[in-house]
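Protein chains in written order, with the working numbering: chain A, 15 to 419; chain B, 30 to 406.
In short, the hints are calculated from the structure, not lab data.
Some clues are possibly wrong.
Derived SDA-like pairs: lysine to any residue, alpha-carbon spacing no greater than 25 Å straight-line [to be verified]:
no.	chain 1	residue 1	chain 2	residue 2
1	A	221	B	199
2	A	221	B	337
3	A	117	B	353
4	A	158	B	223
5	A	158	B	356
6	A	117	B	226
7	A	417	B	212
8	A	417	B	196
9	A	158	B	228
10	A	417	B	199
11	A	117	B	228
12	A	158	B	92
13	A	158	B	306
14	A	117	B	337
15	B	219	A	410
16	A	158	B	211
17	A	158	B	225
18	A	117	B	212
19	A	417	B	209
20	A	417	B	197
21	A	158	B	220
22	A	158	B	196
23	A	117	B	225
24	A	389	A	263
25	A	158	B	337
26	A	158	B	301
27	B	219	A	141
28	A	158	B	222
29	A	417	B	226
30	A	158	B	201
31	A	417	B	223
32	A	158	B	197
33	A	117	B	92
34	A	117	B	356
35	A	158	B	214
36	A	158	B	146
37	A	158	B	199
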Amino acid sequence: MKKSLRLGVALSALTLATAACSGGAASTSKQDADGPIRIAVVTPQSGPYAEYGEEQREGIQFAADEANANGGIDGHEIELEFADSLGTAEGALTASQRLVQEKNARFIIGLVSSPEMAAVTPKLEAWDALMIGTQGQSDDLTGKSCTPRYFRVTANDTAGVNTIAHWLTEEKLPQWDSIAADYSFGQASTAGIEKTLKGEDSKLNVKLFSPLGTTDFGSHLSQLSGKGGLVVSLAGSDVVNFLKQALQFGVLQKYETVLVNTGLSAATLKALGDERLVGALGTNSWIPTADNPATKAFVESYAAEKGHPPAENVGNGYLGMQAIFAAIEEAGSIAPADVAEALEGLTFDSIQGEVTMRAEDHQIEAPTYVGTVQKTAGGGLELVATAAIPAATNNPSPNPACKLD
Amino acid sequence: MTAANDVSGAAGPQDSRSQHAPRSPGILPDGVAATMRRARRAARWQALGWLALAVAGLGAPWVISLYQLHLAQQAVVLGLLALSIGWLLRQTGQLSFGHAAFYGIAGYGTAYVAQHTALPIGLTLVVGIGLGTLAALVVGLLTIRAPGIAFAMLTLAIGMLVWVAGGQMHSVTRGADGLNVQLEGTLLGKDVMLYGNPVEAWPVVWGVLMLTVAVLWFLSRCTWGRRLASIRDNEERMRFSGYATYWPRVAAFAASGLVASIAGTLNLVTTSFMSLTALYWSTSGLALIVAVIGGVRSVLGPPLGAVLFVLLQNYLAGSGDHYQAVIGTVLIAVVLLAPGGCTEILERVGKAAASLLRRESRTSDSSSNRGGSRAAT
Chain A
15 MKKSLRLGVA
25 LSALTLATAA
35 CSGGAASTSK
45 QDADGPIRIA
55 VVTPQSGPYA
65 EYGEEQREGI
75 QFAADEANAN
85 GGIDGHEIEL
95 EFADSLGTAE
105 GALTASQRLV
115 QEKNARFIIG
125 LVSSPEMAAV
135 TPKLEAWDAL
145 MIGTQGQSDD
155 LTGKSCTPRY
165 FRVTANDTAG
175 VNTIAHWLTE
185 EKLPQWDSIA
195 ADYSFGQAST
205 AGIEKTLKGE
215 DSKLNVKLFS
225 PLGTTDFGSH
235 LSQLSGKGGL
245 VVSLAGSDVV
255 NFLKQALQFG
265 VLQKYETVLV
275 NTGLSAATLK
285 ALGDERLVGA
295 LGTNSWIPTA
305 DNPATKAFVE
315 SYAAEKGHPP
325 AENVGNGYLG
335 MQAIFAAIEE
345 AGSIAPADVA
355 EALEGLTFDS
365 IQGEVTMRAE
375 DHQIEAPTYV
385 GTVQKTAGGG
395 LELVATAAIP
405 AATNNPSPNP
415 ACKLD
Chain B
30 MTAANDVSGA
40 AGPQDSRSQH
50 APRSPGILPD
60 GVAATMRRAR
70 RAARWQALGW
80 LALAVAGLGA
90 PWVISLYQLH
100 LAQQAVVLGL
110 LALSIGWLLR
120 QTGQLSFGHA
130 AFYGIAGYGT
140 AYVAQHTALP
150 IGLTLVVGIG
160 LGTLAALVVG
170 LLTIRAPGIA
180 FAMLTLAIGM
190 LVWVAGGQMH
200 SVTRGADGLN
210 VQLEGTLLGK
220 DVMLYGNPVE
230 AWPVVWGVLM
240 LTVAVLWFLS
250 RCTWGRRLAS
260 IRDNEERMRF
270 SGYATYWPRV
280 AAFAASGLVA
290 SIAGTLNLVT
300 TSFMSLTALY
310 WSTSGLALIV
320 AVIGGVRSVL
330 GPPLGAVLFV
340 LLQNYLAGSG
350 DHYQAVIGTV
360 LIAVVLLAPG
370 GCTEILERVG
380 KAAASLLRRE
390 SRTSDSSSNR
400 GGSRAAT
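Please model the entire structure based on the sequences and the hints provided.
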């Protein structure tokens, strides 16, 4: 008994002794100001958005390789650290924290869905990290949950809705049906459609929501009316599954017009490869076929290197890296706090031409694009941009709910 | 770690009867008295092992890195949930697939109370944990009589109902978007937001785990715990002997739900974030897997399993695209080779080492004896 007590005390003493001479969590770590720029690439490698994650990684890698080939950014080499977000909020949080705290990679990029980002953004200041949103659209991220360390280089839900409004008003149909993902993206889209149509002498007829990751849309398809137009606010494998099944069931063909909010990416069209989709309408934050000299230059240099044009989210990932690089050059420092300060209100050259990171809510001011699906020379399908919606129209004012100080 | 080797002395009807028997050694047959002495000695060792572990664990923030501490914290939360399921499995033999519901209800409940009332933070947490426990009590009342597979399926079904309801109640859970929560107030002398930092939170997190382990260990050994074990082994006989068999099990289910609720609220306090995954059946499934890996026969088994799982997951996370398959394979191997989990492996290793030592001392004894006798002749 006495012996074991002594053993216990000795054990505890040993722990405390090792503690005193090692660098545990309770001691603070310092940052290397002259070292490489370490970027935490956290993307979903499984789940409905895995394909987008792959595209993000490609764009980010391309940007890093290009920068390193040109002697780095502001004299710093770019190092990428990769982790899998598992497509879940918890997974994103753990993966980001691992790269920030274990690998000292304080610039986080590559997360796809808004829920993933929403789990990470509240931690950014405590970690002394910075995050670039390159896809998730939730208004809250640059609205009531905005933080000084989160910046978004793609459209938010409001901008997305104002972009599909272009088609909704142009098509002049008496009624529309809607199917949307059951989270902020789909809900905001549906609410926006309803509001837009009210002013247009049209109406939203059937309003459906499906959980993220739905594979069988049978019950949804049977509820669709097949009259007027259909707006699809789904993304990732959801939109592929939905469109495939809607074509099989013959539901999609009944509609005069099919409009897809952000979902008609190159990967989706490739996965579907169905000619009946020719003529479908789409929108996106950035489209490789956009009529813009900066976009054309990027698409050419990417295609020359890889042999194929970049997908939408390759461009979005690349654009995120451009924002980090521009801010580091502006700040002359790689400390996340300095970079964040420099990025606020910064106007920089990007694949969309000159864009500005709005200081009030950290939402980029950039054009968004509308297009129609057309057949390419090679027999595939492509969303060809028909117009750009300027920043002044798609997202005119900062969200008043965002208070950065 | 010593306590891990056994708390299993608690199980079995024989034990429960010996508990009721008078303690005076004179009346008991020699064998029983010796067994009881041994059991008491073992319990003392376990208590000391627990104390050493509890004190040593408090030093963790000085030894491991911040990220590792964050992982440790995750392991504690997962370990608590696994403990709730594992303890129920051990005491009542019933396998619950619905504990994620209590875990999630406690988390969302705490968040809801924090956002919609002006209660002090301590009371907020208690109410949140209370909501989860209450849900467990209700589920227990309804399902505890169902035998075996039916019980597992019922709890699974109820868990999924709660998940679907959680997805529908946007105003409370914010659905698939997840819920960021800003807790406010002072908890145990610190601003509650500080618990978002693992270094600040660790003493509380570790303390909660060790306290829960101690309480569950004690509950397994007290009359009620032994009665539960007897009901598990032969319910009909217990009823025949005049013992109630319904209420003790309902209480056990509620107690186990309480532990799951504590895990849920602890998770909320340390991460300030809730998502629907918390309510999904896979959360229960993961906790069960972890409990099985660690071994449910000991109260330290499930937390040990959680630590191993989190370490494994983290180690493999950086090693390529298909690491989830690797984790699956490892799990299968562990379960096939040591059905009693890691505590069984530890036990076996301990026994092997002990017998090796004994054999060695015996051989040296006998050889010296032989030498002695030769000298005598």
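Pairwise hint evaluation, residue 197 of chain B against residue 417 of chain A, where the allowed Cα distance is 25 Å at most: Distance ~29 Å between residue 417 of chain A and residue 197 of chain B Cα, so the pair is violated.
Satisfaction of hint between residue 223 of chain B and residue 417 of chain A, Cα-Cα up to 25 Å: holds (22 Å)
Holds or violated: residue 219 of chain B to residue 410 of chain A, with C-alpha atoms at most 25 Å apart: Given that 25 Å is the threshold and the Cα spacing comes to 43 Å, the pair is violated.
Pair hint residue 158 of chain A and residue 228 of chain B, alpha-carbon separation not exceeding 25 Å: violated (29 Å)
Pairwise hint evaluation, residue 226 of chain B against residue 117 of chain A, where the allowed Cα distance is 25 Å at most: holds (18 Å)
Restraint check for residue 219 of chain B with residue 141 of chain A, where alpha carbons must lie at most 25 Å apart: holds (20 Å)
Hint consistency between residue 117 of chain A and residue 356 of chain B [alpha-carbon to alpha-carbon, up to 25 Å]: holds (23 Å)
Hint consistency between residue 158 of chain A and residue 199 of chain B [alpha-carbon to alpha-carbon, up to 25 Å]: It holds: about 17 Å lies between the C-alpha atoms, which stays within 25 Å.
25 Å limit on alpha-carbon distance, applied to hinted pair residue 417 of chain A and residue 196 of chain B: violated (29 Å)
Distance restraint between residue 158 of chain A and residue 197 of chain B, which requires alpha-carbon spacing of 25 Å or less: Holds. Residue 158 of chain A to residue 197 of chain B sits at ~22 Å (cutoff 25 Å).
Proposed proximity, residue 92 of chain B with residue 117 of chain A (alpha carbon, max 25 Å): Since the Cα atoms of residue 117 of chain A and residue 92 of chain B sit roughly 18 Å apart, the hinted pair holds (cutoff 25 Å).
Residue 158 of chain A paired with residue 356 of chain B [C-alpha distance capped at 25 Å]: violated (39 Å)
Violated hints for the displayed structure, listed by number in ascending order: 2, 5, 8, 9, 12, 15, 18, 20, 25.
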